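Enquirer: Here's the letter readout for the chains.
Protein chains: 2
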Amino acid sequence: MPEALATAGHKVYGSMGQTKSRDAAVAEQMAAFSHEHRVELSALELDVQSQDSVDAAVAQVLAEAGRIDVLIHNAGHTVFGPAEAFKPEQYAELYDVNVLSTQRVNRAVLPHMRHQRQGLLVWISSSSSAGGTPPYLAPYFAAKAAMDSIAVQYARELSRWGIETSIIVPGAFTSGTNHFAHSGRPADAGRAAEYEEGPYQGFAEQVQKAFAAIVPPDADAGLVADAGRDRGSSQLRERQALGGQPGRGRATRPACKLASGASDRNGSALR
Amino acid sequence: MPEALATAGHKVYGSMGQTKSRDAAVAEQMAAFSHEHRVELSALELDVQSQDSVDAAVAQVLAEAGRIDVLIHNAGHTVFGPAEAFKPEQYAELYDVNVLSTQRVNRAVLPHMRHQRQGLLVWISSSSSAGGTPPYLAPYFAAKAAMDSIAVQYARELSRWGIETSIIVPGAFTSGTNHFAHSGRPADAGRAAEYEEGPYQGFAEQVQKAFAAIVPPDADAGLVADAGRDRGSSQLRERQALGGQPGRGRATRPACKLASGASDRNGSALR
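So the sequence lines, in the order shown, correspond to chains B and V. As numbered in the numbering used here, residues 25 to 295 make up the first sequence, in order. As numbered in the numbering used here, residues 25 to 295 make up the second sequence, in order.
It should be emphasised that the hints constitute simulated quantities derived from the structure, not laboratory data. Quantities reported herein were computed from a predicted structural model and do not represent experimental measurements. There could be a bad hint or two in this list.
Copies of the same chain look alike in the list, so a pair counts if it works inside one copy or between any two.
What the hints assert, rightly or not - Calculated cross-link-like contacts (lysine to any residue; reagent style SDA-like; alpha-carbon spacing at most 25 Å):
# : residue 1 : residue 2
1 : Lys44     : His206
2 : Lys111    : Gln73
3 : Lys44     : Pro135
4 : Lys111    : Ser74
Just chain B, same shape as in the assembly (with noise of 0.2 Å):
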């Protein structure tokens, strides 16, 4: 997604846990991105988990852009098993992974955006939250759910300040990833083994292939990027619009853009 928006004329920043280090590899891609295709795309530094991080981060990206026009809610982690297998420890970790971060990253960014009166917000959901979900993802989809109900709640305390919000809500994706295998495991693995030897015998595996079924062969998780990209750019046009300078075509000021869990792009497709 990063790439796409940065190509389509906006200063990007795509956030990551590790730039030197865990994610070095993606912060590269991005550099060599930006360089190939001359357009501004810089890997950012910012710890979804950590305030500390994410308010050096945000400080940084004001200072030396100026301004955040959009934030892209995009981190995320998942989890495969029995709902009972898991440990409340690792509901809370999910939570605070799929749906803290957020409220991390907006406390960070919201001042700045209602001090300017203009902002938009897009969170990326997930499909679960409108239904139609798969066993054995429980931790996951909790977590889901509730980032999407707080995104309903943002978008209403935040229309008066001039701030926009838009929910993506992706189908699933299983190419060019395997996101059973990053997938989290319940850590109790006693409680699972009894679901497996039990009436769930072989459910697991039934659940995973029943899942990659309902995946279209032609489904692109790049179309996810897009649809980000068009509703940023739709946006700008509007604001340009209110400007007295009305258009269709590319913005004509870029927007800066503060992607988070940009790195989450292809390890964790299930949205």
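Here the structure of chain B is known, so what remains is to put chain V in place on it, guided by the hints.
Expert: Showing chain V alone in chain B's frame:
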């Protein structure tokens, strides 16, 4: 709800955090009710935020009653204020009380229910999970949306064990208690004041008035208790029917029911 269930002929444990201190009055009311109406209703000390406390309480019930047929998730707490003004720690705390609480009790009770291949989980959800949510309640609505999502996942993962699920979605109740006065407040009072002094001046009061206005004057929280009682009794009748003793009246073998968060009946009326 515990009183309604006991009157219907079931052996009922109504749990609360501190039967001897904070919730002593509620515990004494239960004992008096049980004595006066010659029903089996006991207060049970169970802190839903402590796995040790939950495990001990469930072990006590199993030792005394020999079985648990029905588990009712009723614990809950709410907050009121702008989403942005709540610190991430407050969102985490609400998630713990409203959601992790159910996971702790499930992990204590479900091995027993799975072993007996019979049981019923009743979740007191929230109409907010079905849309139509007023603003300024983000941390609470997020938690209830998550709990509702988990309940749906559990329903599918428990049915083959013979365990059924009912999700009760009550409307809002304001009579008999001021739930806004009892609700938690944003830890960041300065941030909340910015909303009140900015474009959201008077909004909190507006929301509360509008909310009170949509609650019918004859709204009776007792109806929720009736729903829980009827669902529990109906499930028992079906069980009896399966055993060759069909009947439409009161269950011939009263069930042992554990109502988690029984003392919250009046303390947190917004479901």
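Enquirer: For this structure, which hints from the list above don't hold up?
Expert: Failing hint: just 3.
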